[in-house]
Amino acid sequence: LTAAAADVALKGRVGDPFSSAWRRRLPLLPALLYSIAVTQLPFLVSIYYSFTNLKDKTQSLIPEPTKFVGIDNYKQIFSDPFFRQAVWTSVQMTVFAVVLSLVFGTLFALLLDRKFLGQGLVRTLLITPFLLMPVVAALIWKQQMFSSLFGLLDKALTFLGLSSVQFISSHPLASIVTVLVWQWTPFMMLIILAGLQSQPGDILESANVDGASGFGIFRQLTLPHLRRYLELGALLGSIFIVQAFDAIDVMTGGGPGSTNIPYYVYQESIGGGFRYGSASAYAIVVVIFSIIIATFALRVLSSLFKDEERA
Amino acid sequence: VKRGTKLGVGERRSFTLGIGMLAWLVALIWIFPVGWTLLTSFKTEQDAAAQTLNQGLSFGRYHDIAQSTPGTLSLQTAFMNSLVVVLVSTLIVLVLALPAAYALAIRPVHKWRDVLFFFISTKFLPVVASIFPIYVYAEKWNLIGTRTILIILYVAINLPLAVWMTRSFFMEVPRELIEAAEIDGTSIINQLRSVILPIAAPGIAATALLCVIFAWNEYFYALQLNFASGSTMPQWVISNVSTRGNFLAKLSAASIVACLPVILAGWAAQKRMIRGLSMGALK
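As given, the protein sequences belong to chains A and B, one line each in that order.
Note that the first sequence covers residues 1 to 311 in the numbering used here.
Note that the second sequence covers residues 1001 to 1283 in the numbering used here.
Here chain B stands alone, though its shape is the one from the complex:
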């Protein structure tokens, strides 16, 4: 039976139709808050606050949120900070994880299982348990408020996930190809480049996308260590909540702008996402 195409013997057509309609209904209910936020982002502030639609829809709020007020965090600054932190940290993660996955999947080291479980156990350590030493040393080394400290921490957050995920994709590279390359005396770097990467490329891309999502959405470290000029997108979204005047439409536009990049990344990676989320245990 092909996956996801189960049609029980003797099942009636109307039953299948009912399942489909129910699934659609559930999906629309679940996505409703996002859909409503998207709609609100095109409204005027008055309409948004009253939850009405009298003054039409426009891109006006998107224009508003792009305007920077001196002295406050601007979209441009936060976006650049997020972009640099996310891309650089993901790149470092891949540079560290790919050779590690090679040493855990293709030519496994002695006790490779213990090493794998060590990586995953670092994910189980609550972040609050190590935040004060990190804060104290970041202060000592003048890293508070910099992109550098976030890059260092996001690499550590995503590394276990990336090692597990890429290892699981490397396991699928046919052994014969690697053995042939080894006999030809190809170096590890060249083996990775010419034999393994072309086959594992879609999996590595999915790994990178998951790392991007987690780094982009991260708020705790960003809040603790980067409250000033180094602030990232989550802090910028929050800065759109105001205690004076209506802000719901602008906040909605800001939410959409902040989430759109990772929603697209997640949609692109969804087929392989489960492997990363289950630490490689599921396919």
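Looking at chain A on its own, in the form it has when it is part of the complex:
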């Protein structure tokens, strides 16, 4: 009976394929159009700005008319030493933060994959830094830990009879990376934990029965299985961390050695420079870098995604 009814329902649509296809699409359209309007259109406008000398009129004493300048803004990028510095800072910040949070995240996930008293509570505590407002996380570290006035690290150094260290001003990059690692380790931990828990238990058990050592099992079975989860964590982490802004703004306000590309673009434009035209050109270069990372990310995502469909 149901088959017959389905048949009738199907036939009803066959006569009118166009409206059927649009009936399927209709629920999707509002979300799709919204996304295009708010994320893609401004980006197209940015590309246009990048070929002009647009400046904020209210911010300059002698307003000049906006005109088309061709690829001048792009040429200027390659001769700008500050931009090169920002690229290098971005690379270091992202690599250190992603690698360290992956290492800590994997170690924590291996611990949490075991059964012990208060397992759920430990997990809850560990994810908490990730939930904090990035601004608050940066402020906590700046004022409570690193500060030379009332920071705990400074008090500890004094207690040990050592001289104080101006953590943030002498090691701005390391200070910012510390906060990023502290916040992103729980994120990596959750991804690796999901990987560990998706391991087929019977294989591990038979390896155990066969007398394989714990480390051997980890290297031969667990690590290859985790590879894709590590990749996913690294790529998703890179995409977010490469855009880090809050921690830099709060901790150093973009001093030497801590200005990454997004912060530099910000300083060049609404953060004080108000040169929208040339800043747009920098932004477009950032987008090209991001697209390269994102292409890899999407590939990993889509392979995990196909497995899920098969399962």
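I should point out that these hints are in silico values taken from the structure, not numbers from a laboratory.
Quick caveat: nothing in here was measured; it's all calculated off a predicted structure.
The beta-carbon is built from N, C-alpha and C at its ideal position, and this holds for glycine as well.
Hints are supplied without guarantee of correctness; some may be wrong.
[Claimed, not checked] Where chain A lies over chain B, by a calculated footprint (3+ residues, C-beta under 8 Å):
1. 1029 to 1041
2. 1149 to 1163
3. 1218 to 1224
4. 1254 to 1267
[Unchecked claim] Derived CB-CB ranges, DEER-like:
5. Gly120(A) - Ile1189(B): 35 to 41 Å
6. Leu29(A) - Ile1029(B): 45 to 51 Å
7. Arg1107(B) - Gly216(A): 44 to 50 Å
8. Gly1145(B) - Leu160(A): 35 to 41 Å
[Claimed, not checked] Here's a subset of chain A near chain B, in silico, CB distances under 7 Å, partners left out:
9. Arg25
10. Pro30
11. Tyr34
12. Val38
13. Val45
14. Leu117
15. Leu126
16. Thr128
17. Leu131
18. Val136
19. Ile140
20. Phe150
21. Ile270
22. Arg275
23. Tyr276
Keeping the supplied structure of chain A fixed, place chain B upon it in accordance with the hints.
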């Protein structure tokens, strides 16, 4: 083997105990800065600045931060701005994402995979790449300093995440139930309401909580577009840093007040959080 209950054959009890203690130690070290901030928030300013505890603990700083000084951003204003922006944007996200997830999971459109990946690719576009046009047009349309502009942008930030997450939860609704409803001629809206939503409700709640967390914590757009009356909680927390006099205890209290709502939301959503963070790739 049940998840998270692996106990290797021949593993000694003391080893398991050691793992547990190590895990607790790690968790306590990692959470220490938050715990210390919580403690500091109950201290007096003198104790906080000296990192001592001579004058006892009280709720005094929480009382202080609730007092508004004319001309500065008050907790009440920032909290209301955040609350309205977060709730309205999350509501709009769900209104847009649920039908979209239906069209991507239950009766998939042609090339649904491309559409899904389009949504996610918008997350990979750096925000700095589109901030100037947004700023220029927001200025043109008198949206600078309003809650409206933040609502518009936060919907765009959270929409991809919500589409991916709800799609992944919709995939788990048994096909037979939906087919039965379809044969009965139930409309899409009624199918969503009476068949799909009851089953996917916990997942949708987790999606909403994640959107709330991201919107509540957002600082870049809020700073660029809402430096005045429309300021939200992150800007209010920063406003508690003062260049004159001690402020550490008050700042700690402000940090706790600003983070508590989302910490609770995150704890509530933690079981399903991984699915949202991995864009639905992991469960």
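Q. Which of the listed hints are broken here?
A. 8, 22
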